[in-house]
Structures are given as structure tokens and as C-alpha cells.
Amino acid sequence: MTYTIKQIADALGAEAVGDVNTVIQSIAEPASATADQLALALKPEFAKTLADGDAKAAMLWAEADWQSYGLSAAILAPRPRFAMAGLSAMMDPGTGGEVGIHPSAVIHPDAILGERVSVGPLCVIEAGANIGAGSRISAQVFIGRAAMIGENAHLREGVRIGARTRIGARFIAQPGATVGGDGFSFVTPEQGAVERVRDSLGDQDEAKAQSWARIHSLGAVQIGDDVELGANCCVDRGNVRDTVIGNGCKFDNLAQIGHNVVIGNDCLICAQVGVAGSTRIGNNVVLGGQTGVSDNVFIGDNVITGGATKVLSNVPAGRVMLGYPAVKMDKQIELHKLLRRLPRLFKDVATLQKGVSKPGDSD
Amino acid sequence: MTYTIKQIADALGAEAVGDVNTVIQSIAEPASATADQLALALKPEFAKTLADGDAKAAMLWAEADWQSYGLSAAILAPRPRFAMAGLSAMMDPGTGGEVGIHPSAVIHPDAILGERVSVGPLCVIEAGANIGAGSRISAQVFIGRAAMIGENAHLREGVRIGARTRIGARFIAQPGATVGGDGFSFVTPEQGAVERVRDSLGDQDEAKAQSWARIHSLGAVQIGDDVELGANCCVDRGNVRDTVIGNGCKFDNLAQIGHNVVIGNDCLICAQVGVAGSTRIGNNVVLGGQTGVSDNVFIGDNVITGGATKVLSNVPAGRVMLGYPAVKMDKQIELHKLLRRLPRLFKDVATLQKGVSKPGDSD
Amino acid sequence: MTYTIKQIADALGAEAVGDVNTVIQSIAEPASATADQLALALKPEFAKTLADGDAKAAMLWAEADWQSYGLSAAILAPRPRFAMAGLSAMMDPGTGGEVGIHPSAVIHPDAILGERVSVGPLCVIEAGANIGAGSRISAQVFIGRAAMIGENAHLREGVRIGARTRIGARFIAQPGATVGGDGFSFVTPEQGAVERVRDSLGDQDEAKAQSWARIHSLGAVQIGDDVELGANCCVDRGNVRDTVIGNGCKFDNLAQIGHNVVIGNDCLICAQVGVAGSTRIGNNVVLGGQTGVSDNVFIGDNVITGGATKVLSNVPAGRVMLGYPAVKMDKQIELHKLLRRLPRLFKDVATLQKGVSKPGDSD
Chain S
1 MTYTIKQIAD
11 ALGAEAVGDV
21 NTVIQSIAEP
31 ASATADQLAL
41 ALKPEFAKTL
51 ADGDAKAAML
61 WAEADWQSYG
71 LSAAILAPRP
81 RFAMAGLSAM
91 MDPGTGGEVG
101 IHPSAVIHPD
111 AILGERVSVG
121 PLCVIEAGAN
131 IGAGSRISAQ
141 VFIGRAAMIG
151 ENAHLREGVR
161 IGARTRIGAR
171 FIAQPGATVG
181 GDGFSFVTPE
191 QGAVERVRDS
201 LGDQDEAKAQ
211 SWARIHSLGA
221 VQIGDDVELG
231 ANCCVDRGNV
241 RDTVIGNGCK
251 FDNLAQIGHN
261 VVIGNDCLIC
271 AQVGVAGSTR
281 IGNNVVLGGQ
291 TGVSDNVFIG
301 DNVITGGATK
311 VLSNVPAGRV
321 MLGYPAVKMD
331 KQIELHKLLR
341 RLPRLFKDVA
351 TLQKGVSKPG
361 DSD
Chain Z
1 MTYTIKQIAD
11 ALGAEAVGDV
21 NTVIQSIAEP
31 ASATADQLAL
41 ALKPEFAKTL
51 ADGDAKAAML
61 WAEADWQSYG
71 LSAAILAPRP
81 RFAMAGLSAM
91 MDPGTGGEVG
101 IHPSAVIHPD
111 AILGERVSVG
121 PLCVIEAGAN
131 IGAGSRISAQ
141 VFIGRAAMIG
151 ENAHLREGVR
161 IGARTRIGAR
171 FIAQPGATVG
181 GDGFSFVTPE
191 QGAVERVRDS
201 LGDQDEAKAQ
211 SWARIHSLGA
221 VQIGDDVELG
231 ANCCVDRGNV
241 RDTVIGNGCK
251 FDNLAQIGHN
261 VVIGNDCLIC
271 AQVGVAGSTR
281 IGNNVVLGGQ
291 TGVSDNVFIG
301 DNVITGGATK
311 VLSNVPAGRV
321 MLGYPAVKMD
331 KQIELHKLLR
341 RLPRLFKDVA
351 TLQKGVSKPG
361 DSD
Chain R
1 MTYTIKQIAD
11 ALGAEAVGDV
21 NTVIQSIAEP
31 ASATADQLAL
41 ALKPEFAKTL
51 ADGDAKAAML
61 WAEADWQSYG
71 LSAAILAPRP
81 RFAMAGLSAM
91 MDPGTGGEVG
101 IHPSAVIHPD
111 AILGERVSVG
121 PLCVIEAGAN
131 IGAGSRISAQ
141 VFIGRAAMIG
151 ENAHLREGVR
161 IGARTRIGAR
171 FIAQPGATVG
181 GDGFSFVTPE
191 QGAVERVRDS
201 LGDQDEAKAQ
211 SWARIHSLGA
221 VQIGDDVELG
231 ANCCVDRGNV
241 RDTVIGNGCK
251 FDNLAQIGHN
261 VVIGNDCLIC
271 AQVGVAGSTR
281 IGNNVVLGGQ
291 TGVSDNVFIG
301 DNVITGGATK
311 VLSNVPAGRV
321 MLGYPAVKMD
331 KQIELHKLLR
341 RLPRLFKDVA
351 TLQKGVSKPG
361 DSD
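Protein chains in written order, with UniProt numbering: chain S, 1 to 363; chain Z, 1 to 363; chain R, 1 to 363.
To be clear, the hints were calculated from the coordinates, so they are not data collected in a lab.
Predicted, not measured: the structure shown is a model, and the values here were computed from it.
The C-beta atom is built at its ideal place from N, Cα and C for all residues, glycine as well.
One should not assume that every hint holds.
[Said to hold, decoys possible] 30 Å max Cα-Cα, derived BS3-like pairs, lysine-lysine:
#1 Z:Lys-347 to R:Lys-331
#2 Z:Lys-337 to R:Lys-43
#3 R:Lys-347 to S:Lys-347
#4 Z:Lys-337 to S:Lys-328
#5 R:Lys-328 to S:Lys-347
#6 Z:Lys-208 to R:Lys-43
#7 S:Lys-331 to Z:Lys-208
#8 Z:Lys-347 to Z:Lys-328
#9 Z:Lys-337 to Z:Lys-347
#10 S:Lys-347 to S:Lys-337
#11 R:Lys-43 to S:Lys-328
#12 Z:Lys-208 to R:Lys-331
#13 Z:Lys-331 to Z:Lys-347
#14 R:Lys-43 to Z:Lys-354
[To be verified] Here are some, though not all, of the chain R residues that point toward chain Z, as calculated from beta-carbon distances under 7 Å:
#15 Arg-81
#16 Asp-92
#17 Pro-121
#18 Glu-157
#19 Gly-158
#20 Gln-174
#21 Ala-231
#22 Asn-284
#23 Val-349
[Claimed, not checked] Stretches of chain R that chain Z covers, calculated by requiring three or more beta carbons in the stretch to come under 8 Å of a beta carbon on chain Z:
#24 2 to 8
#25 19 to 33
#26 248 to 262
#27 266 to 276
#28 327 to 336
Bound-form chain S, shown alone (with noise of 0.2 Å):
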């Protein structure tokens, strides 16, 4: 698929300058771009490599002096960053794979297919699921029973739906997507030692040995429109009540949503973030790398965790949380500094001390 600077760039609502009638082929980095295809040069530290490469045409910022830079031809974006979200989207050719169902898969008759759905070889879509129309099922994708999928949904292969799972539209999930595991949920027979824990914050007393009996999980999860799930990630089906997950939200690699978690509209929770069970998230909550929400607290609107924050109580809306325990960002950063000039507090106490028991020391 080939456009000319003026197609992407009216298709972006960007300007297109200089011979607006060059052909582009491809994207790439302004150092490795050839003569046809449209190098990205989203700032000015970016545009300086253009000389490297033999680009004729690129997509830069707003107020860029285009002619500067030796182009013939240039797409100027008021916000460069997300005109990428757009022409990365035109310029995709996607991962393969054939259109209409292959022959291997294996389909209950009683499963309903949309039009135009395609299902990839070695698929297995149990009795009672529903795929909205459009889908594109990859390889060896599992769908369980009573599972419903909105329309244009597309799942990598290897991904796993289970059972009574609900789903909006223009679902996407990553290689080896998981939903619908059962919920992490064990009791023992007598109040055992973590419940003992949790209430004296350090003492167990006297542990007794006792087996763990499960919680079935009798809950599914439901998940709202444009949502995505990360490669190898998680969510867990609810006990009693559905795990909730709502509109818009983005989940990366290897994320762990536990059973009956609540999650709001718009969220993005990076890799690796782990958020255990009955915990609720509000909208627009971005959750750093490495995350980890313990069990059954609160988490408001717009709160941004950093890298590795461990939130082990509720968080009131807007905060921005670093550190473990975490804490607000800027009293992690002010303690973090401090705790560099921790040796020199011991030796100026230690000093003080030499100073106060004997005052009468002059040297």
C-alpha cells in the first residue's frame, strides 16, 4: 500500500508542504530512510540525522523550517506523536494469515460466527461463544463456552478466552492473552497465620499447619470496548461477582489482574504490573512497570504510579505514587536524596556527640 505526502497528510488533518505528489512506500528513522520512504523526524534533535539518510520527504513539528533540512517534500503535525498513532495505523501491513476459517479449527456447531469473521488454523471456539463481525481470530487461539466478542476484535494466536467471558468491541489481545483463569482464592479450616497478619501487622503467634481448601470462582469477566491485553498477561475470573475491566484500558506483557478487581475506563497498566484480588481502579489510572496493588484497596482517578511502586494501601484521585511502600513522587525523590546523605548524618551526629560529651574539647 502506497500514498503521496498529501494522502497521509490529509488523512492525519496535517499540512502537507512541497511536492505534496511524492510517493511513500514506508516509514523509517531519518538516518536509515531511503529516497521513498517518509522519515520521522517528530523533533528537532531528530531532524538533525536527516542528513544520514536520503530522505526526500518527512513528517516533522508544526513550525518546522522543512526547507532546511534538504526535503522536497514535508508533513507538518501539530502534535508529531500522535499523528504517529494514525500513519503507523495506515502504513501497517499487518501479521498475515488467510481470510475465512481454516479448516483445522475446531468449531462447536452451536458456536455463532459474524460475517466476515476469520478464524485461524487449530482454533478451538467451544459451544455457545458468540464473535462479533469483522474478527480475526489467529492460530491456535482458544474460545470458551459462552464467551461473547464484540465486532472487528483481533486475537494473536495463542490467545485464551474462557468460559462466560463478555467482551466489547475492537478488542485486541497479544500472543498468549489469558482470561478467565480462576480466581487465586484458598481458605484454611481455622483462622490460619496471614489472617492473624493482617491484623497484628507482624505477629503470627503460634502457626498451626493447617491444608488450604478452595474457593471455586464462579464469576467471569467482563471487559468493555478498545480494550488490549499484553502478550502472556492475566485476568482473572471474579468469585462471585464478574472481574469488571472497563473501556479504553491498555494492558501490557506479563500484567496480573486478579479476581473481582474493578478497573475504570482508560487506563494503561504497563508490564509486569501485578494487581491483586477485589482491588478497584478508577479511570485514566496508569500504572507504571512492575506496579504491584495489594489486595482490596482503592485507587482514584488519574493516579500515575512510577516504575516498581508498590501500592499497599488506597490512594486518593491525582496522586502521582513512587517507591516501596509507595508514597507521593516528589517525598520519594526528596527521601531518596536524602538517604544519599545518610553516612554524612551518621558522622555529623557521631561528631555532635564527641562535641556534647565533651564540651570542654577544643580540637
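Based on these hints, arrange chains Z and R on the given structure of chain S.
Okay, now just chains Z and R, sitting in the frame of chain S:
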């Protein structure tokens, strides 16, 4: 499957009161329960929300004044949380799947399946594998050569059990759980930087670029009875001897157990925990979510770690640990309090220094 | 496969002593070794346990007094840990699987398989994929469109290699390893809270609810020779250019490599490590288990991180790092010692304050 209040109470060893022949279709949280559901009001604060729903029957705690909530029947359980284990098992409709051997499964003629074993579509069972009676194997599962699995196992979709793994009875594995990957064991031709750092704790002297030679894993994995593995979790096989997991252990999603690890009985390993190679863990240990444990350490019986604890050295039996590096939980909580007061401490010392250095100043 | 002591020693470049024609069936730890096994007693403390087993032959270190342990034969290796690499390879019986192409595999007619390639049951190999000679592909593996894999690869069950991935020779992938998921790259229409926090390190000003637009991944993944990926680990493809992994790198289970990351040669990436997008890592770097590395940072050659280290900024070559945030290991260990003395420091300062504020008091 429906039950009367009396049938449920009898099965749970709890007391049925009121109209004990009331028929229950399923269970629900109090606020959303309908007239044919059993509301779960395990604590007084949940019972208050019975008024928001339409439940006529509820499960309550032992001494509950059940009639005060407008119910016509109730189940009074001495430990309602434990009663949930039995109740949820009774009410579990399962995740579906046909009974029997699906014709698309690839089962080696030398594999042995016990009575009433069901195998889902597109599974692979290799030569010499032996599956205990009554086991249910969902879709797209892999069971390697000479692997043995006990009676009444339940393997969810996409589970992978490596060659020569031996597993006891009543094994449960969530989607994507993986047993028997090779251990992560590499060595450089000459002593390498990591070995030097382990000795010096900080100084790697001059580093020499070396490549890594692979130590092959010749051991397998042994797993006891009543073990459950979470979605996409990993248990590696041993180098020379086997990796060993005792009876009654439960692992949550994305947990990682390295080669040669030995774990006792009835341990609870929460989501995203990592246990590095050759570490030994006692009985009844609970590792909170995202806990990390170094290689070659020993964790005694009944140890509990809080979320995200990083264990870098041995932990004696009975300890409750928190933090990075792990210290006793009460000490860690005290430390967190002191750290919050650290800015003040720096100011106090600065004031003292002023006072000491200018002892004559009076203000 | 059996070997004599002499054959093994010759293959390892080690010295055979005693009855060098003793035939060895397999290897074992000293305490459990039988008469036809080679006991691994790589250090004096292990050799002491030879008396607990029935071994007649053992592998020992270079100057070992082998006859003093009652052995009739021995292999003396100058660096026994390194000798384990060769010895374990000789003794590895493999994980089984038939040779050849299983009829249930779905192989596109336009895929190219080299000589002696074996493909297990229920694999999917898409159009244009190219598999090097001698490669062994286990069950249920996925290889995407136009992916290239070099000679003598070994892909375990359930591995997923995305479209257009290019991989060198002798690649090993443990079960469930996933290459070529889409990068996690999203952008809001207007400047968002995360961008503001990155500038201000703590202040997100007023948050405006925005949805996330997806930046499509157009790049692929390039992997060098002699690379191994752990079970269920993830390597994402690049946005515009490729994600790149050098020769000789080894990744443990559940590691996560983000889009556009560039890693040099001979790095060791331990379990559950996460490397965020666009970060560059040099040669011979070792990242300990659960290490996290922020996006867009640079880690120099020979850097080593201890377990659970969180790298939030650039690290110069040769550094040994520990902690969250990462600092030099020796400094971190000193800090841990000071933190243990912090309660005492608070008391000392309180005492000083008493002394200073009441200078006239004598007790």
C-alpha cells in the same frame, strides 16, 4: 443444579434455620441477589446491604440475628469464609467442554489414559504419558513423554507438562501453566564477573568478555497431591536431581519456580513470585505477591512474606517478613515510620550543629 | 547412551584417573549416586557426601585426592562447573518427540524447511517462513509469516514466533516463549498527565480525561546466534525499526523485553526481568532476577544488577548495581547497614536535643 437451604447446610456442616426447603439456584452478593439466590453476607457489614437486593435466604455467621434482616431462611456457618469453599464447589457449573476423547487430540498409542479421562480438542499427549482416572484435560494441552499425572486432575486450556514430570492426585493447572522448562544454568569458561561479585559484594575487578556455556537440565519435576498452578506460571526442571513441590501447595498466576527448588507442603505462592534456583522452602510458607527469593537460600516453616518482599538470605522458621531487603515486618514498618520523619531529623541535626558550633548564640 | 570415564574425560578436556574403562550410565549427586552413575562432587564439601551413596566414580576438582574418597575411578576437571556444561550435554536424553514432520502440523506450502527439520504435532508454520537445517520444533509451536530461524534451533512446545522475526543459528526457546508481540505504545490526542509528570517529577497539574490512541508496531525482532529464551517470556517487536538482541544472550522465564530495545552480545537476563521500550543494553550485561529497567535508558557493557534492582536512569559500563532505585552495590549495602542503625540515630539525636536545649541539666 439446585439445592435446598437444608441440603446446602448439611453439606457444609452448618445450621439451617427458617424455611429450610427454600430452593436456591445460585449464589450472589447481598445487594444484587434475586429471590432465588443465596446471598453471601459473611460479616455484619455485608448483611446491611441485604436490604438493597431481593434475597429471601442468606449465608450468615454463627450467631447472626437472621430474622432481623427480613429473611425467610438462612444458613448459619461458624466460619463463613471456610464454608465458602464447600459452597462454591457445590455451585460451580464448570467451564464446559465435552466428556470423552476429542478426535482432534493427538494421543500417542503408547500413552495410558485411566478410566473416565476426558481429553479436549487439539491436545498432544506423548509416548509413555500416564493420566490418572477421572482427569479432565481441556483444549490444546501438551503432556510430554513419560509424564505421570494422578487421578482427578483438571488441566485447563494450553497447559504444558514437560517430559518425565511426576504429579500426584487432584492436580489443577490454570491456562498456560508450564511445568518442565529447562533450568536457567549457564557458566563461563573462566571465572566470571558474577562469581567475583558474589565474593566481593560490589567489586567485579576487571571484566573479561566471555560467552555462556549451557548446563543441560537432566532432572525433572516432582509435584505432590492437591497442588494447583496459576495461569502462565512456570516450574523449571532440575539440573541433576528433580525440582520438588510438596502436597497441598497453591501457586498463583505468573509465579516462577527455578531449577532444583524444593518446596514443602501446604505453601501459598502468590502471583508473580519468583523463587531462584536451588532454594529450599519449608512447610506452610506464604509468599505474598511479587515476592522474590534469591537462589540457594533456605526459608523455614510458616514463614510469611508481605507483598513485594525481596528475600536475599536465609529466613528462620516462623518469621513474618517485609521489604527490600526483607527484614521482620514489625521492624520494616517501624523503619517506614522513621523514614517519614527523616526530613525532620536532618533539620534537627542542622539545628544542633548551629547550636554546637555557635554555643554562645542565644536565639 | 553410555560412556567410559575415559571417553567423558577426553570429551571434556579433563584428566581420567583410576579404572578409566568404568562404564557410566548417567550422573547423580554424591549422596544418591548408584554404582553405575558418575557422582558430581565439584567441591570438597560435596565430596564428603560421597560416603552416603554408592558411587565408584566421581567428577572432582583438579587437585582432588580422589582415592581418599574410596573411588575406583575419577575425572579431575580444572574448572568443574564449566565441565558440567559439556558433561550435561553428553548425558542429555532430550525431551523426546518423533523425528520428521507430524501429519497434524499445518505448514503453508510457501514455507521452507531445511534438511532434517522435525515439526511436532499441531504446529502452525505460515507462508514464507524459513526454518534452518537440523531444527527441532516440538508440539503446538507457531511460526509466523516470513519468519526466519537459523540452523539447529530447538523450539519447545507452544513457542510463538511472530511474523518477520529473524533469528540466527542454534536458537533455543523454552515452552510458551513469545517473540513479536506488538509494542506497548499509546498516545493521547493532547499532552497527557504522564508526559507532564516526566517533566515535573511529581506534579501532574490538572488532569484531563483522554483516551489512548494506538501506535502500530511496524518493526520486527532481530535475534543473533546462540540465543535462548525462557518459558513464557516476551520480546516485543519495534515500532519503526526492529527490536534487536545480540549473539549469545540468554533469557530466563517470564522476562519482558519492550519494543525498540537493543541488547548487545552475551547478556544474561534472569527471570521476571523487565526492560522497558527503547532502552539500550551493552555487551556481557547480567540483570538479576526481577530487575526492572526504565524506558529510554542506557546500560553500559559488563554492568551487573543484583536481584530486584530497579534501574531508573543510565548506568555506566562496569558498574555493579543493587536496590530501588539502583545505586552501586557497595553503597547500597552500606545504606542497608545504616538503615538498621536508624532507630538508634533517632534516639541519639533526641538525647542530644535534650542536652543542648537544657545545657544546664547535669543528668
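Results for each hint:
no. : hint                   : result
1   : Z:Lys-347 to R:Lys-331 : holds, 24 Å
2   : Z:Lys-337 to R:Lys-43  : violated, 46 Å
3   : R:Lys-347 to S:Lys-347 : holds, 15 Å
4   : Z:Lys-337 to S:Lys-328 : holds, 15 Å
5   : R:Lys-328 to S:Lys-347 : holds, 21 Å
6   : Z:Lys-208 to R:Lys-43  : holds, 24 Å
7   : S:Lys-331 to Z:Lys-208 : violated, 41 Å
8   : Z:Lys-347 to Z:Lys-328 : holds, 29 Å
9   : Z:Lys-337 to Z:Lys-347 : holds, 17 Å
10  : S:Lys-347 to S:Lys-337 : holds, 17 Å
11  : R:Lys-43 to S:Lys-328  : violated, 50 Å
12  : Z:Lys-208 to R:Lys-331 : holds, 24 Å
13  : Z:Lys-331 to Z:Lys-347 : holds, 24 Å
14  : R:Lys-43 to Z:Lys-354  : violated, 59 Å
15  : Arg-81                 : holds, 5 Å
16  : Asp-92                 : holds, 4 Å
17  : Pro-121                : holds, 4 Å
18  : Glu-157                : holds, 4 Å
19  : Gly-158                : holds, 5 Å
20  : Gln-174                : holds, 4 Å
21  : Ala-231                : holds, 4 Å
22  : Asn-284                : holds, 5 Å
23  : Val-349                : holds, 6 Å
24  : 2 to 8                 : violated (count 0)
25  : 19 to 33               : holds (count 5)
26  : 248 to 262             : holds (count 5)
27  : 266 to 276             : holds (count 5)
28  : 327 to 336             : holds (count 5)
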